[in-house]
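**Student:** Chain by chain, the residues:
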Amino acid sequence: MTTDTTNYQTVQVHRVWIRATPEAIWDAITKPEWTERYGYSGRAEFDLRPGGAYRSLATAEQKQHGLPDVVVDGEVIEADPPRRLVHTMRMLVDDETIEAGFTRLTYEIEPGEGGATRLTVIHDVSDAPQIAAVVGGGAAGTGAGGGWPFILSDLKSLLETGEALGYQP
Amino acid sequence: MTDDDRVFKALADPTRRFLLDQLFERDGRTLTELESQVDMTRIGVMKHLRVLEDAGLVVTRRQGREKLHFLNPVPIRLIHDRWIDKYTERQVSALLELKSELEDTA
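Residue numbers (this note's numbering), protein chains in the order written: chain A, 416 to 584; chain B, 5 to 110.
Careful: at least some of the hints might be erroneous.
Label pairs and their in silico Cβ distance ranges [unchecked claim]:
| id | chain 1 | residue 1 | chain 2 | residue 2 | range |
| --- | --- | --- | --- | --- | --- |
| 1 | A | 475 | B | 25 | 40 to 48 angstroms |
| 2 | A | 448 | B | 28 | 32 to 40 angstroms |
| 3 | A | 484 | B | 19 | 24 to 32 angstroms |
| 4 | B | 42 | A | 448 | 45 to 53 angstroms |
| 5 | A | 484 | B | 17 | 33 to 41 angstroms |
| 6 | B | 19 | A | 467 | 32 to 40 angstroms |
So these bits of chain A aren't anywhere near chain B, every CB distance computed over 10 angstroms [said to hold, decoys possible]:
| id | residue |
| --- | --- |
| 7 | 427 |
| 8 | 468 |
| 9 | 496 |
| 10 | 498 |
| 11 | 537 |
| 12 | 551 |
| 13 | 569 |
| 14 | 577 |
In short, the hints are calculated from the structure, not lab data.
Please read these numbers as outputs of a predicted model, since none were measured by experiment.
Just so you know, even glycine gets a beta-carbon here, dropped at the ideal spot from N, CA and C.
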């Protein structure tokens, strides 16, 4: 019997501590008026129930650069506010990312000590190495941005200081 | 100790940087796998992993009966965004100022 370690290689775990309530973090992930203020600044639309639709819309600037109106689509698998959100996502940026198909995202939000909350993003990018490079930050400098490390660092800035660092491709 | 202190302390050791490199190459490894990569006792590797975990650079998750170690690059990004950028930006603008100054006097 051989041990299949493929999945191990293709699950990414990104974690950050943020001085904010679990509710504030939940809102920042799921509400469009928040998602447009950090990271890639796309407006996220979630139908927060199992089977509900998820999509993220391009900003005006991104559309000028040739991105489609809907940059990411997917489906909500589990929504337990403000603790746990599981959904799939597919990047509609180009043929390659569309072909890579759906990957699975899990957000875990856990209150900690001293007013800090622990946010863990588990991205199962099995069989999608192109997506793994982009979301892992490995494509930073190529115009794809810094992936999860960038998004979470920006989210932390926004919630703790009221201001994001801003997108730098 | 602040979060940044813990990250700098964790990175200030060659064995710990080597362990991070191992996880960068292939993520989600068990203690036994990591242990086989270094010439050190299991207890020694566990101690180093604990320091990395305290700094947030390694996150462990249970998968079945196994405890897997994952590289978490976010703390390094935080330091990059709050420290490195600050100084490199100033350097770049200082160079630009120098350039325009030299060009003006030329």
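**Student:** With reference to the structure, classify each hint as holding or not holding.
**Tutor:** Evaluation of the provided hints:
{"no.": "1", "hint": "A:475 <-> B:25: 40 to 48 angstroms", "in the structure": "holds (41 angstroms)"}
{"no.": "2", "hint": "A:448 <-> B:28: 32 to 40 angstroms", "in the structure": "holds (36 angstroms)"}
{"no.": "3", "hint": "A:484 <-> B:19: 24 to 32 angstroms", "in the structure": "violated (50 angstroms)"}
{"no.": "4", "hint": "B:42 <-> A:448: 45 to 53 angstroms", "in the structure": "holds (48 angstroms)"}
{"no.": "5", "hint": "A:484 <-> B:17: 33 to 41 angstroms", "in the structure": "violated (49 angstroms)"}
{"no.": "6", "hint": "B:19 <-> A:467: 32 to 40 angstroms", "in the structure": "violated (47 angstroms)"}
{"no.": "7", "hint": "427", "in the structure": "violated (7 angstroms)"}
{"no.": "8", "hint": "468", "in the structure": "holds (28 angstroms)"}
{"no.": "9", "hint": "496", "in the structure": "holds (22 angstroms)"}
{"no.": "10", "hint": "498", "in the structure": "holds (17 angstroms)"}
{"no.": "11", "hint": "537", "in the structure": "violated (8 angstroms)"}
{"no.": "12", "hint": "551", "in the structure": "violated (8 angstroms)"}
{"no.": "13", "hint": "569", "in the structure": "violated (8 angstroms)"}
{"no.": "14", "hint": "577", "in the structure": "holds (16 angstroms)"}
Hints 3, 5, 6, 7, 11, 12, 13, counting from the list given before, are not met by this structure.
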